[in-house]
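Could you slot chain B onto chain A? The hints should help.
In order, the protein sequence lines correspond to chains A and B.
Residue 83 in our numbering is what sits at position 81 of the first sequence, and the numbering runs on without skipping anything.
Residue 30 in our numbering is what sits at position 28 of the second sequence, and the numbering runs on without skipping anything.
Accuracy of the hints is not assured; some may be wrong.
[To be verified] Heads up, simulated DMTMM-like pairs for lysine to aspartate or glutamate below, C-alpha to C-alpha not over 20 Å straight-line:
| id | chain 1 | residue 1 | chain 2 | residue 2 |
| --- | --- | --- | --- | --- |
| 1 | B | K43 | B | E80 |
| 2 | B | K43 | B | E10 |
| 3 | B | K43 | B | D139 |
| 4 | A | K132 | B | D105 |
| 5 | A | K56 | B | D68 |
| 6 | B | K126 | B | D136 |
| 7 | B | K132 | A | D105 |
| 8 | B | K126 | B | E17 |
| 9 | B | K43 | B | D53 |
| 10 | A | K43 | A | E17 |
| 11 | B | K56 | A | E30 |
| 12 | A | K126 | A | E11 |
[Stated by the list, open to error] Only some residues are given here: those of chain A computed to face chain B with a beta carbon under 10 Å:
| id | residue |
| --- | --- |
| 13 | L29 |
| 14 | I152 |
| 15 | T162 |
[As the list claims (entries may be wrong)] Rough simulated footprint, nothing fancy, chain B against chain A, three-plus residues with beta-carbon under 8 Å:
| id | region |
| --- | --- |
| 16 | 64–74 |
| 17 | 102–108 |
| 18 | 142–149 |
Please keep in mind that the hints were generated in silico from the structure rather than gathered at the bench.
Using N, Cα and C, we set each Cβ at its ideal position, and we do this for glycine too.
Residues per chain are reported as follows:
Number of protein chains: 2
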Amino acid sequence: MVKVGTFEETARHAEVILSATSGAAALEPLTLAGALNLRGKILVDISNPLDFSKGMPPTLTVCNTDSLGEQIQRAFPEAKVVKTLNTMNAFMMVNPGQLAGGDHTIFVCGNDAGARVAVTGYLKDWFGWKDVIDLGDISASRGMEMILPIWVRLFGLLRTPVFNFKIVR
Amino acid sequence: MVKVGTFEETARHAEVILSATSGAAALEPLTLAGALNLRGKILVDISNPLDFSKGMPPTLTVCNTDSLGEQIQRAFPEAKVVKTLNTMNAFMMVNPGQLAGGDHTIFVCGNDAGARVAVTGYLKDWFGWKDVIDLGDISASRGMEMILPIWVRLFGLLRTPVFNFKIVR
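If we strip away everything but chain A, and leave its shape as in the complex, we get (with noise of 0.2 Å):
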């Protein structure tokens, strides 16, 4: 039985956590979940520091230096953080092979090698990705998050979130 709760609750009988809210709110909720609760756990961060309050484009709340994964595992050094699934529309995330037959690539990184292939292994087994490629430690988040403005141009250009990069290699 799935039972809904408080942050709190939920995150203390969670295997896995997802953090999926507003990028630059991400760190409230978490501090919510307890950082107890997240302790040795796989926290897989798909979430964006988008800041739209000074209107479109959005900008990113940090970058280049820093990325909210670190952010994060810096917040909850006990957690395994894992970021992915960032860059791509939510629908594209867990059904991937509704374009080009999944011909297309998704990232992950984390400073856990282990959480890392068990991510890697969520995405295949779940969602149904082929390509996942291992960018290792955390601070590949800032390369990850650092596409979203091109993520963006594209799709008011191409007008569909129906698209994704594919590493041609």
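Quick look at chain B alone, frame taken from chain A:
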């Protein structure tokens, strides 16, 4: 006959200017070339504002709310700045067919629509690019330059510069 002279002489006789210097230093040679010699001409900016002064990985000297492409356009308002070719390795720029038969993407942006069309033509006719995405005005330089951090990360991981982004749509 190609005559190699000063920046100023070279720019005076040029029909199209290509700025391919280190990004952090891009404005200086263009200043030496002389604003009058850039006036009304297409100025193709392929540089990236990478800062290696604090070691690896490089950061960007400008990003998020501004870009090198925009800085160059502001410094030379009468030039038709077109940003392109900055999102892949130099060997890939002029020979996209070496990878996946050229089935990957290049971007252009700039304030002058005619200049974007002309540069798109050069990319296709001279270098063999097939998928050229016109992102519109020069502010798209932000997104084009901000994908460099993930490019650098991928370069470290793949251990070859022979890769590129494809926008699957």
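Checked against the structure, which of the hints given earlier come out wrong? 9, 11, 12, 13
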